[in-house]
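Trainee: Below, each chain spelled out in residue letters.
Protein chains: 2
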Amino acid sequence: MTAYTAPIADMKFVFEEVFDFYSHYEKFPAFEEATPDLVDMIMSECNKLCESELAPLYQSGDKEGCHFDNGVVTTPKGFKEAYQHYIEGGWHGLSHPVEYGGQGLPQSIGLIRTEMIGTANWAWAMYSGLTLGAMNTLIEHGDEQQKQTYLPKLTSGEWGGTMCLTEAQCGTDLGQVRTKAVPNDQGSYDISGSKIFISAGEHDLTENIIHIVLAKLPDAPKGTRGISLFIVPKLSINEDGSVGEPNQVSCGSIEEKMGIKASATAVINFDGAKGFLIGEANKGLEYMFTFMNTARIGTAMQGVCSSELAYQISLPYAKERLSMRSISGTKYPDKVADPIIVHPDVRKMLLTQKAISEGGRAMIFYAGKIVDQLDQAKDEKEKAKLDDQLGFLTPILKAFLTELGLESANSGLQVFGGHGYIKEWGLEQIVRDARISTLYEGTTGIQGLDLLGRKILLQRGRSLKLFAKEILTFCKNNSMISDNEHKRRMNKFIWPLSKAVVNWQQYSLRLALKARKNRDVVGSASVDYLMYSGYITMGYMWAMMAQKANERIAEKPENIEFYKAKVRTAEFYFERIFPRIKTLSTTMMSNPKSLMRLEEDSFSFL
Amino acid sequence: MTAYTAPIADMKFVFEEVFDFYSHYEKFPAFEEATPDLVDMIMSECNKLCESELAPLYQSGDKEGCHFDNGVVTTPKGFKEAYQHYIEGGWHGLSHPVEYGGQGLPQSIGLIRTEMIGTANWAWAMYSGLTLGAMNTLIEHGDEQQKQTYLPKLTSGEWGGTMCLTEAQCGTDLGQVRTKAVPNDQGSYDISGSKIFISAGEHDLTENIIHIVLAKLPDAPKGTRGISLFIVPKLSINEDGSVGEPNQVSCGSIEEKMGIKASATAVINFDGAKGFLIGEANKGLEYMFTFMNTARIGTAMQGVCSSELAYQISLPYAKERLSMRSISGTKYPDKVADPIIVHPDVRKMLLTQKAISEGGRAMIFYAGKIVDQLDQAKDEKEKAKLDDQLGFLTPILKAFLTELGLESANSGLQVFGGHGYIKEWGLEQIVRDARISTLYEGTTGIQGLDLLGRKILLQRGRSLKLFAKEILTFCKNNSMISDNEHKRRMNKFIWPLSKAVVNWQQYSLRLALKARKNRDVVGSASVDYLMYSGYITMGYMWAMMAQKANERIAEKPENIEFYKAKVRTAEFYFERIFPRIKTLSTTMMSNPKSLMRLEEDSFSFL
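Going down the list, the sequences are from chains E and F. Counting with my numbering, you get residues 24 to 629 for the letters of the first sequence. Counting with my numbering, you get residues 24 to 629 for the letters of the second sequence.
Keep in mind that a hint or two might mislead.
Because identical chains share one entry, a pair is satisfied inside a single copy or across any pair of copies.
Claimed, not checked - Heads up, simulated PhoX-like pairs for lysine-lysine below, C-alpha to C-alpha not over 20 Å straight-line:
id, residue 1, residue 2
1, 571, 499
2, 488, 408
3, 408, 392
4, 354, 245
5, 522, 605
6, 354, 616
7, 587, 515
8, 354, 342
9, 358, 245
10, 515, 616
Honestly, the hints are just simulated from the structure, not real lab data.
Chain E extracted, bound-state conformation (with noise of 0.2 Å):
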């Protein structure tokens, strides 16, 4: 009963009016080939593609899951086929260098086909996903070797690749990693251990996969300082690039879980498989948190996707079905009763799943714009202040974005009441595949951490200075302009933003000094100030949404409706979604006492 179809019209609108990529575009000499007419293909294709073959597989996936039977893993009828067909159409390589067989297209536009293929089936999106993943640690860190040896066929798709880093003892404290890495007299390194939670670890779509595993030498420094990177192919290469004999990789099981169930999560034994070392010993911590930034932007990007998908199936049955009278006299008279749509609540329920969807995508292209400079930057404190600001971004957009996604897909099945819990409907499915995205990459504990500790105290509030001028800058530009009527239009949302903004950096300096003597103040605030953050994120997106729109409206174009729909949404946002900063101001600065003075052992008297 899922349907997807691309929302276009909406990202046009975040893609050319708001960020203005192509302006973008003509500034690198590089993507000269990112043209409207080649944009337009992209998403008109990628679209068909989507609605075509991915989004009928969503429900069916889920229902048949993957099947394990003696180390073969076999994915749901129909992924195979739509898998050929996407590589075969050239997708995968969209955003990666023309040399390995790639498209060479900005990264920007390969998150429009993440976008679409992820919201038309994440748990199929998840193979391909993974595959870029360990594309880009090559990409980053390999040797020529490497690179000529894996990224052709990574590139096209014909084998896929994974992420080794969980053991069953630690996921979030690498430290402890104990997969073992020695060397060999082939100048290669004998790799044994065994890893956990491995999506893409083992399937029938790729001729191979390309394990890049975490593991320790044996003379490696204790905890994340031992940790080295490695490559190790399912089955071996031989000299003449083509697929040999199996290496010592097995799958010894996949798991059970509550939802992406067509997404193999496997269990991958190394019993003194070959492995080859990428760039230096015991730096694998350091080469892993280069590519962080983009793999907990996919992530975060199931947010927006969870989101969309609710949004698309609650809609429409939110205008069919039928149910009391409008409490403010009935609007449907020739009907048995009113379509559920014209109640407030459950007004308010789509409006925040709409909210979430364009609010969160436009996040996605904001940080993609960043992405994308910085892949083409030159000089290294250019460099250095855009993976910053990456940097400073990511672990808002990873949680935030994923919270909201997963609030989205319930709201959306608050929408279908009691019809909502029933597997028919497909929102049940929404949520329980949206319940992962808070927790992998990085729980949003985690990435609270990662921005209070990492990025704004230990970096001085450095990005965030640089952030919040830009966003005081643009509400100054709009509220200090001749244009009385725009002022007026803009007021309601650069009068609470700049507000918000403006706090928003004197708490992180209370913070920063609180934690000084405290540094318990850094746990105890970080997800709620990181919630916080990301609603001033959002509310900077919304703001310049409906400047932009505002500006058009003023136009008086053809398609006006979906112009002021965005104003709308924006007052929506503003007045109901953003005061969530009046209390998480509150909570986040409140004294970390009241989460540590209970003693362990008094949590529970049973």
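Chain F: place on chain E using the hints.
Mentor: Chain F only, in chain E's frame:
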């Protein structure tokens, strides 16, 4: 992997110390058997049943689900045996009239059993829970012959019962019901129609199932004024009370659901089935309202159950799972890492679960006391007042506790990180099972309208005034006392609580005035208003619990740590949860325009 032990220490604290139920029972001759010895025995015996029989079936019941074969429903393995032991132990008729074979104990004692069996295994508990709904209907509105025919077997649990309200086209809007009841020449009615979402509608636990069915007579007025209530047994009853021929009642299918999979949710078809009118014709909806309070408090309980079970599983995990070091310095140097309970954000998630479980339990027992009083009230005026009081609290309890129960279950899952997403631990099941609770028995949106529309506006705030007065008296008694030490300890609760209660009344009045001009104010504010009311109600509970705990601490009892933990949790509640009223008071007072002015066609531009 899930195990459950009833939190008897906490139950006794609420039951005996906070609400002093034994003094309460002494006021009523009917409750003379409700002695401390008996209640202690009930708690410990019911705990045994839950620990040894029901909790072990929690995960297996979900995994196996119910089986449907040609109209026959089979419950998961072990359900039937556990049900036999439950009815043989006399648990079912605990607080039902002695004249029909019950034990005649107060309903508040029945709530102890309901919480225990519901936490151990909610899906299993639904079968007997629905029977209680049918029994209450017959007790309130059945004639003597109907009572004699059905109640003894329902009270013993030999027969089951259901409530057949919902049809495919309507759940909330029961005026749309199409099921017909045509008088026949035997003085009964031929019932025809199809009902959906019938919990416990068909199963193998009992010899017979007594359906209470909403249907319309041929000459019935339109809408909800034309609804009548009928008894429709699955198997007809012979003159001698034994079970006879099958009635024209069949189960068409059972639903595939997100959770509570061990609870059969049936489509029940009536094809000219013989039915018996309850009470007068066309008064069905009115009859339903009279027992809806108890049914909804039963559902509110699910919030406490989900929260308690999640907490019982996530707490030991947080003490065992080793990850990272405490940011304020290593706590367990002999271990490879500190257990995650040292981290402030993990503590926040645990304390959230604790505050919701214990605060919710107090709310339920607070209402239980009123239920007892209402049961025993002889004076009509007194009865009406108690009914108002309960009717005011009911939507708050139902919506607020189920929303928070779901939050708490999600917090428990989050404590586990990625492991929470795996079926093994049971957390993901608790989240799936809890998700139904904000939907059935009236969605959160419907409860919001009931509270603000019916219980505040229509009653001109009568019940709110009484409740607010009670809370303010409590606050006054705890701040105007000579014991300075006690006053100091209580101020942190009394001040924010009394301020919020005063605002609550003012906001209510302002909403009433606004609603006169614009009816959409009601639906626009209702859910936020309900949640606001919920946080205050739970705040009152925590203040009462802190007061009692502080009193006991002053006496330096043996188990002083229990009371200290109570005070700490109250502090956590007021510092971290209660401030949510700040946002809610803003959003509930905001103009309905932000919800209403978006045109229906402008919600999407796909």
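Trainee: If any of the earlier hints don't hold here, list their numbers in rising order.
Mentor: Every hint satisfied by this model.
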